[in-house]
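Q: Residue-level listing of the chains:
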Amino acid sequence: MRRARDPFFWGLFSAGGMLTALLLPALFLVAAITAPMGWFGMTGYEEWVALASHPVTRGGLLVVAFLAFFHAAHRFRYTLYDGLQLYHLDALISIVTYGVAAALTVLAAALLILVV
Amino acid sequence: MKSQARIPTGRISDPGYPQASNPEYTRHHPRWYRRHMPIFWWLRKFAYTKFILRELTSQPVMYATLFLLGKVWVLSRGPEAYEIFVQWLSHPAFLAFHALVLVGLLFHTVTWLNLTPKALVLRVAGRKVPGWAIVGAHYGAWLGLSGVILWILAGR
Amino acid sequence: MPDTVKLEVFRYRPEGEGEPLYETFEVPYRDEWMVLDALNQIKDHQDGTLSYRWACRMGVCGSCGMTVNGEPVLTCATYLEPFLPGPIRVEPLHGFPVIRDLVGDLEDFVGKLQRVKPWIIREEERSPSEGEYLQTPEEMDAYKRYSMCINCMLCYAACPIYELEPGFIGPAAIALAQRYNLDSRDEGARERHEVLAEHEGVWSCTFVGECSIVCPKDVDPAGAIQRYKVDATLDFFRSLVTPGRSP
Chain E
60 MRRARDPFFW
70 GLFSAGGMLT
80 ALLLPALFLV
90 AAITAPMGWF
100 GMTGYEEWVA
110 LASHPVTRGG
120 LLVVAFLAFF
130 HAAHRFRYTL
140 YDGLQLYHLD
150 ALISIVTYGV
160 AAALTVLAAA
170 LLILVV
Chain U
118 MKSQARIPTG
128 RISDPGYPQA
138 SNPEYTRHHP
148 RWYRRHMPIF
158 WWLRKFAYTK
168 FILRELTSQP
178 VMYATLFLLG
188 KVWVLSRGPE
198 AYEIFVQWLS
208 HPAFLAFHAL
218 VLVGLLFHTV
228 TWLNLTPKAL
238 VLRVAGRKVP
248 GWAIVGAHYG
258 AWLGLSGVIL
268 WILAGR
Chain W
5 MPDTVKLEVF
15 RYRPEGEGEP
25 LYETFEVPYR
35 DEWMVLDALN
45 QIKDHQDGTL
55 SYRWACRMGV
65 CGSCGMTVNG
75 EPVLTCATYL
85 EPFLPGPIRV
95 EPLHGFPVIR
105 DLVGDLEDFV
115 GKLQRVKPWI
125 IREEERSPSE
135 GEYLQTPEEM
145 DAYKRYSMCI
155 NCMLCYAACP
165 IYELEPGFIG
175 PAAIALAQRY
185 NLDSRDEGAR
195 ERHEVLAEHE
205 GVWSCTFVGE
215 CSIVCPKDVD
225 PAGAIQRYKV
235 DATLDFFRSL
245 VTPGRSP
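Chains as they are written, first to last, in my numbering: chain E, 60 to 175; chain U, 118 to 273; chain W, 5 to 251.
Chain E on its own, in the form it takes in the complex (with noise of 0.2 Å):
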């Protein structure tokens, strides 16, 4: 178990830095900077309610989100560890680290598949 924990981390750690390397710097660009602006195409109300509704799209940022809410944790985890040497703290870092992620993962599926 104990031997488990590690790799189980690292791996959706990894998971998580490559979809997001490769996903969140065009959507947040669109999501948060164009389209609020009323840059290029899609501004409107409608056709963002359209796609944010679509299961395809839910079902998508779900993954994301659980991805990269887990990647950001243990990023945060070691940054805390070793950049501040919390060693004596490791415990309570990665409860909390990791807890965090764990319920924002419960919370976005909330979210994704809950509210309409």
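Hints are computed from structural coordinates only; laboratory data are not their basis. Misleading hints may appear alongside valid ones.
[Stated by the list, open to error] Listed next, the stretches of chain E that the computed footprint assigns to chain U, with coverage defined by at least 3 CB atoms under 8 Å from CB atoms of chain U:
id: 1; segment: 76-90
id: 2; segment: 116-124
[To be verified] So these bits of chain U aren't anywhere near chain W, every CB distance computed over 10 Å:
id: 3; residue: 154
id: 4; residue: 184
id: 5; residue: 192
id: 6; residue: 193
id: 7; residue: 197
id: 8; residue: 198
id: 9; residue: 199
id: 10; residue: 212
id: 11; residue: 213
id: 12; residue: 214
id: 13; residue: 216
id: 14; residue: 237
id: 15; residue: 259
id: 16; residue: 263
id: 17; residue: 266
Every residue, glycine too, gets a C-beta built ideally from N, C-alpha and C.
With the hints as your guide, set chains U and W onto chain E.
A: Same frame as chain E, now just chains U and W:
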């Protein structure tokens, strides 16, 4: 010609070293000097600073993901809510902040893709695929996927 | 071109003042001199008590590694010229307890190296009369890069994680473990996994990547470690979907 300058930090070694438990061995043994990592060790070298900045891209990644989910939530609240959301987002302060987040995301992408050949060793037809080909393929995938996203979301 | 150059040398004399200090020496400057030549000039002509390690003077023995102006280098392979006009600061390698002056204590590494069993392990040894273990050039190519390690410890000195977490098994030891894991004649990967799969094995590494940059033999320990993480992770997730396999 000699001149001397004292070093302010440093401490004589502690008895925690394994061999210190053997008095016969340590009696004539010199005392170790151990340097300690300062808390801001990542400022010591440019490469370390770059490393810590790379690690801190976890925060833009976190923010961007929460933002996308937040946008879905706002969309579910109706057109008026979305209108207010859009007004907030086009405020210069928000735009500047989001540009900064985007820089962080791009830094994550570039550093991540550049390191792929270290972790991936591929053989095609018995020959090792060179590192530049692995990096190139990943950049190709990134540009391709970004193109598809931009075409779907902003191209029409 | 200057006639002389100043070296600020880290001195630690436990029997003397007990605290380290920097001592400045002025040595003649020669275009073709390495930092090690300057240290030898000091030892021969200025202060015979200066302590440091060196042997081959040609970049293969791996004993003259020191920190020069903040970077871990082999002093026998580092010219004075790029550091002009000086002064040039010479310190022991980071990450190791200092015994005296520029001499670090490498016991910790030697112990870790033994733990990863850097030799060919066979389930059944073949007797010499049965002939040698054959290997194709492709099979040799799989590990050859890692076999170039000269144990100079520059990678440990460049690794902030080793300095922060002295338990970390470290770059060279993992690269040398992989040197045998990837050798077609070896059957010891499982035994080494016991050590490498510990948290203080590969998982302490956060891929700063400096170990591969400072390596004078282009061994690429960072690559060796990341490959091991990928393989261990794939094995783990495969064992989840294939019952009966242990990670």
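Q: Within the segment 116-124 of chain E, is the number of residues with a Cβ closer than 8 Å to a Cβ of chain U three or more?
A: This one holds; 4 residues, not fewer than the three required, reach chain U with a Cβ under 8 Å.
Q: Quick one: work out the minimum CB distance from residue 214 (chain U) to chain W and report holds if it exceeds 10 Å, violated otherwise.
A: 28 Å, holds
Q: Are there three or more residues in the segment 76-90 of chain E whose C-beta lies closer than 8 Å to some C-beta of chain U?
A: As far as the segment 76-90 of chain E goes, the hint holds, because 14 residues have Cβ atoms under 8 Å from chain U.
Q: Is the Cβ of residue 193 (chain U) more than 10 Å away from each Cβ in chain W?
A: At roughly 35 Å from the nearest Cβ of chain W, residue 193 (chain U) sits farther out than 10 Å, so the non-interface label holds.
Q: At 10 Å, judged by beta carbons, does residue 197 (chain U) keep clear of chain W as stated?
A: Answer for residue 197 (chain U): holds, closest chain W Cβ roughly 46 Å.
Q: Does the claim that residue 213 (chain U) lies off the interface hold, with its Cβ farther than 10 Å from every Cβ of chain W?
A: 31 Å, holds
Q: Against chain W, does residue 266 (chain U) hold up as non-interface, every C-beta pair farther apart than 10 Å?
A: 27 Å, holds
Q: Measuring Cβ to Cβ, find out whether residue 263 (chain U) lies farther than 10 Å from everything in chain W.
A: About 25 Å separates residue 263 (chain U) from the closest Cβ of chain W, which puts it past 10 Å; holds.
Q: Is residue 192 (chain U) truly not at the interface, in the sense that its beta carbon sits beyond 10 Å from all beta carbons of chain W?
A: Per Cβ check, residue 192 (chain U) is outside 10 Å of chain W; nearest 35 Å; holds.
Q: If we take the beta carbon of residue 198 (chain U), is the closest beta carbon in chain W still more than 10 Å away?
A: Correct as stated: the minimum Cβ-Cβ distance to chain W is 41 Å, above 10 Å.
Q: Should the label of residue 184 (chain U) as a non-interface residue stand, given a Cβ cut-off of 10 Å to chain W?
A: 26 Å, holds
Q: Can we confirm that no CB of chain W comes within 10 Å of the CB of residue 216 (chain U)?
A: 28 Å, holds
Comparing the model with each earlier hint shows violations of hints 3 and 14; every other hint is respected.
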